[in-house]
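Trainee: Sequence:
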Amino acid sequence: MSNTKARRRALSIIAAVAAMGAAYGGVTLAGVDAATEQGASAPAPVPAEVSTVERRNVPVYVTGIGTVEPFNTVTIRSRIDGELQQVLFDEGKDIRKGDLLAVIDPRTFEAALDQAKARLQQDTAALANAQLILDRDVKLGKSDFVSVQAVDNQRSVVEQLTAQTEQDRALISTAQTQLSYTRIVSPIDGRAGLRLVDQGNIVHATDANGLVVINQLHPITVISTIPQVDVPAIRAALAAGNVEAQAVSHENGSVLDVGTVALTDNQIDPQSGTLRLKSVFPNTADQLWPGQFVDVNVRVEVLADALTVPSDAIQRGPDGEFVFAVGADEKVAVAPVKVRQIADGIAVVERGVSAGQRVVVRGQYRLAPGIRIAPKSLQGG
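Count the sequence shown with mature numbering (1 follows the signal peptide of the UniProt record, and there is no 0) and you get residues -30 to -1, 1 to 351, in order.
One or more hints might be untrue.
[Claimed, not checked] Calculated lysine to aspartate or glutamate pairs in the DMTMM-like style (CA-CA distance at most 20 angstroms, straight line): (1) K109 with E129; (2) K308 with D282; (3) K248 with E271; (4) K301 with E19; (5) K87 with E136; (6) K63 with D256; (7) K248 with D200; (8) K248 with E39; (9) K112 with D122; (10) K308 with E24; (11) K87 with D138; (12) K63 with D168; (13) K308 with E320; (14) K248 with E214; (15) K109 with D122; (16) K346 with E300; (17) K346 with D282; (18) K63 with D159; (19) K248 with D235; (20) K63 with E39; (21) K346 with E24; (22) K346 with E19; (23) K67 with D159; (24) K308 with D289; (25) K308 with D275; (26) K308 with E291; (27) K248 with D265; (28) K346 with D299.
Derived from the structure by calculation, the hints contain no laboratory data. Please read these numbers as outputs of a predicted model, since none were measured by experiment.
Generate coordinates for the entire structure from the input sequences, incorporating the hints supplied.
Mentor: Following this line, the structure appears as structure tokens:
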């Protein structure tokens, strides 16, 4: 009897322990399932940088490819033959108009000038003597002591000597000019290139290469081309006044200098369908160099109160351009947009967004429609 009670008691304890274990296991599994369900329904927000759609006045540019050229280029050549005695310029240095660049041996030309001056003195003395004789003959002729023929002959001598002195003065002027050519000066402000002839060489007026090439870099010009479809906009802008031009680096897109369009060519190239423009830049910082390739942005108009977003906000997909628009619940949605232009990091949007709306600028690669983001303002935007 006692054994039966003991057995029943043991079974009751085992059943109670089993029930408690089952209950605990159920609670534990229920908690895990709840936590799993909660985590799946509320994923962590995705970090993303956002910016606000703004209205602003935006310049419209026509862009072409250009080549930098000197404002003026002068090849310094000798106008006379002789020995190059001195070279007085520094290669690669700035030169002012009128600076003495080189000296050619002047001795031959000084002698020619002295000879011309001596000839003038000789002929001037002969003219003075002939004039005295003429004056005397004229007086004597009135008393019939000198014939009319003799007076006429003497008058002819005076006229010949007068002409000879005029010729002598012309020869002096020529000799002075030739002598001045022994001192070669710069006709422009600019920068000297490499020296092409060394001191001590004999130079000639017929030498093709010259002594040095001087390029004027301040200001400087850029010759660029634009498609013929943009010609009406360029012409309209020029008719309205000065037209701004930007020289932009090929390498990094930075603006190297800002100048103005000086003129357009008088015809469109029929082979390329482009028109050439000449723009002038101050180049005070020496950012432009002859032979350099640059992009040239020509401002043809200003869009007033245009909708703008940072250019990084614009994404491209199979159906065209779009942005990720951020809603009040911090969830993103795809907003198709039409972009008119992108320049200087700013995109002008014709439709698809509204002023004050937030758009994602960085972090789009982790986004899809309906994803909640943790927005932060665009750094530097």
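Trainee: Take the C-alpha atoms of K346 and E19, compute the straight-line distance between them, and say whether it is at most 20 angstroms.
Mentor: The given pair, whose Cα atoms are some 5 angstroms apart, holds under the 20 angstroms limit.
Trainee: Given the hinted pair K308 and D275, is their alpha-carbon gap at most 20 angstroms?
Mentor: 16 angstroms, holds
Trainee: Is the Cα-Cα distance between K248 and D265 20 angstroms or less?
Mentor: 13 angstroms, holds
Trainee: Holds or violated: K67 with D159, Cα cutoff 20 angstroms?
Mentor: 5 angstroms, holds
Trainee: Taken at face value, is the distance from the CA of D159 to the CA of K63 at most 20 angstroms?
Mentor: 11 angstroms, holds
Trainee: Does the structure keep K87 and D138 at a Cα separation of 20 angstroms or less?
Mentor: 7 angstroms, holds
Trainee: Could you grab the alpha-carbon distance between K308 and D289 and see if it respects the 20 angstroms cut-off?
Mentor: 11 angstroms, holds
Trainee: Straight-line Cα separation of K87 and E136 no greater than 20 angstroms?
Mentor: 12 angstroms, holds
Trainee: Taken at face value, is the distance from the CA of E129 to the CA of K109 at most 20 angstroms?
Mentor: 19 angstroms, holds
Trainee: Are the Cα atoms of K346 and E24 separated by 20 angstroms or less?
Mentor: Roughly 17 angstroms separates the two Cα atoms, so the pair holds.
Trainee: Please work out if K301 and E19 have their alpha carbons no farther apart than 20 angstroms.
Mentor: At roughly 13 angstroms apart (the allowed maximum being 20 angstroms), E19 and K301 satisfy the hint.
Trainee: What's the verdict on K112 and D122, does the C-alpha distance respect the 20 angstroms limit or exceed it?
Mentor: 13 angstroms, holds
In terms of the numbered hints stated before, the structure departs from none.
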